[in-house]
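Q: The chain contents come next:
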Amino acid sequence: MSYDVKTWVDVAAFVGAGLSMGLGAIGAGIGEGLTAARATLAISRNPEASGEIFKTMLVGQAIAETAGIFGLVIAMMLLFVKNPNPSFIMVAVFIGAGLCMGFGAIGSGVGGGFPAGEACTGIARQPAMTKRLNTTMLIGSSICQTPAIFALVTALILLFSDFSALPLCPTWAAVLGAGFACGIAAIGPGIGDGLVAGACCESVARQPSSATIATTTMLLGMAVTETTAIYGLLVSFILMFKTFPATDAIAPAMALLGAGLCMGIGAIGPGIGEGLTAYSAVGQVGKNQKNSAELVRVMLVGQAVSESTGIYSLVIALVLIFVV
Amino acid sequence: METIRQTQKKYCTRAITVAIFAGLLFILIDYKPIGKGLILGTVFSILNFILMGEMLPLKIGKTKGKTFMFSLGSIFFRYFILAIPMVMAIKLEQYNLISVVVGIFFVQVFIMADHLLDFLWSARGKQV
Chain A
1 MSYDVKTWVD VAAFVGAGLS MGLGAIGAGI GEGLTAARAT LAISRNPEAS
51 GEIFKTMLVG QAIAETAGIF GLVIAMMLLF VKNPNPSFIM VAVFIGAGLC
101 MGFGAIGSGV GGGFPAGEAC TGIARQPAMT KRLNTTMLIG SSICQTPAIF
151 ALVTALILLF SDFSALPLCP TWAAVLGAGF ACGIAAIGPG IGDGLVAGAC
201 CESVARQPSS ATIATTTMLL GMAVTETTAI YGLLVSFILM FKTFPATDAI
251 APAMALLGAG LCMGIGAIGP GIGEGLTAYS AVGQVGKNQK NSAELVRVML
301 VGQAVSESTG IYSLVIALVL IFVV
Chain B
1001 METIRQTQKK YCTRAITVAI FAGLLFILID YKPIGKGLIL GTVFSILNFI
1051 LMGEMLPLKI GKTKGKTFMF SLGSIFFRYF ILAIPMVMAI KLEQYNLISV
1101 VVGIFFVQVF IMADHLLDFL WSARGKQV
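Chains as they are written, first to last, in our numbering: chain A, 1 to 324; chain B, 1001 to 1128.
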């Protein structure tokens, strides 16, 4: 049984579409489930605020599922956009794009659920702060979508760039590595960002007077949490735009694939860890506003230490690309 | 449910009004596929938002596991509906794919813009 190039390209497009939508729906499903579970508790605690809680849940879920819709967009493009000049490199490109968007949507989907859920709980606790809680939740949820936007950009570049002039080996590994680097690296920061935004909503509800300092600390904490997703984006851009010499050996190709995997997997832990650090700091800033400067300093030092393993992954990925 | 309906009405009205005006502008300056695509995407974005609101009460009062499974089912169902305008844009030349995708995010854009503007106004008010 033998297949022509076009058949392989179609198969890759179907697999890529399945990965993009299937993996993308996991994050959005967990995020929406988290929000609904917290809303249930909130309504049980304060049934009179159920109208506002429902409203917050609806708006929060609409933003949290944005990453899932990115997955849908890439899946539809993979399924229906015509490929006039199919080549074997497109097999790797399509699977890479699907993997990138699918993995990239998981973290942001889950992360978006935390602020929405905490905002529902906060409204039950402090109905007078509804408007401020909604704003904080939406700012937090929107920033949570940034790693998924990185994955969307990478997937679109993969889909619309012309790789056909490049040598099949090791370019196939470079494009797959790019998908892994940006997609998997988005998981940790997405979840970490969500934790920070959730803590800010909780802090605003518990200590309304701390809303401004809590929001500022949240923005700072989220910015640092996202750096490992930026490393993933950087490695995927190098893998996509650097021209690698043609070779028949398998080792250079595996080095590029390894670089993508190294950066992607290596960013999960630091992303969540930095999010946990900022989660705690944002919560404590609300309770202890007098010492907020010291708390923010400790948070930044803690995040820097937590980030070190992400930096090691970046260094090894760069060594694999440029040295090996 | 009344609060949800009011919220839906607020954002959906704004989204469709802007989409129609922007769409007509594009059609008038001879970018018909872009204008039509924007309106088509926004209509389905609104449909998705309304369905999401209608399904909300069904998620309440269940265990975490059941809520997750229901959320996943609801997502797949609504994403199937969101796929329709994209398939139309890919298959039919009279709709522009990018403007359909932009239209699909119109409700989310208006939710964020509304709260961001509120936040900026209140911050400015405090300064004055």
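Among these hints, one or two may not hold up.
Said to hold, decoys possible - Keeping only pairs whose Cα atoms sit at most 16 Å apart, straight-line, the calculated EDC-like set for lysine to aspartate or glutamate is:
no.	chain 1	residue 1	chain 2	residue 2
1	A	131	B	1114
2	A	131	B	1118
3	B	1010	B	1093
Stated by the list, open to error - Okay, the calculated bits of chain A under chain B, using three or more residues with CB under 8 Å as the criterion:
no.	region
4	134-143
5	222-235
6	250-261
No lab work stands behind these hints, which were simulated from the structure alone.
Predicted, not measured: the structure shown is a model, and the values here were computed from it.
Note that CB positions come from ideal geometry on N, CA and C, so glycine has one too.
Q: Look at each hint and say if it fits the structure.
A: To see whether the hints hold, each was checked on the structure:
| no. | hint | result |
| --- | --- | --- |
| 1 | 131(A) - 1114(B) | 11 Å, holds |
| 2 | 131(A) - 1118(B) | 9 Å, holds |
| 3 | 1010(B) - 1093(B) | 32 Å, violated |
| 4 | 134-143 | holds (count 5) |
| 5 | 222-235 | violated (count 0) |
| 6 | 250-261 | violated (count 0) |
Hints 3, 5 and 6, counting from the list given before, are not met by this structure.
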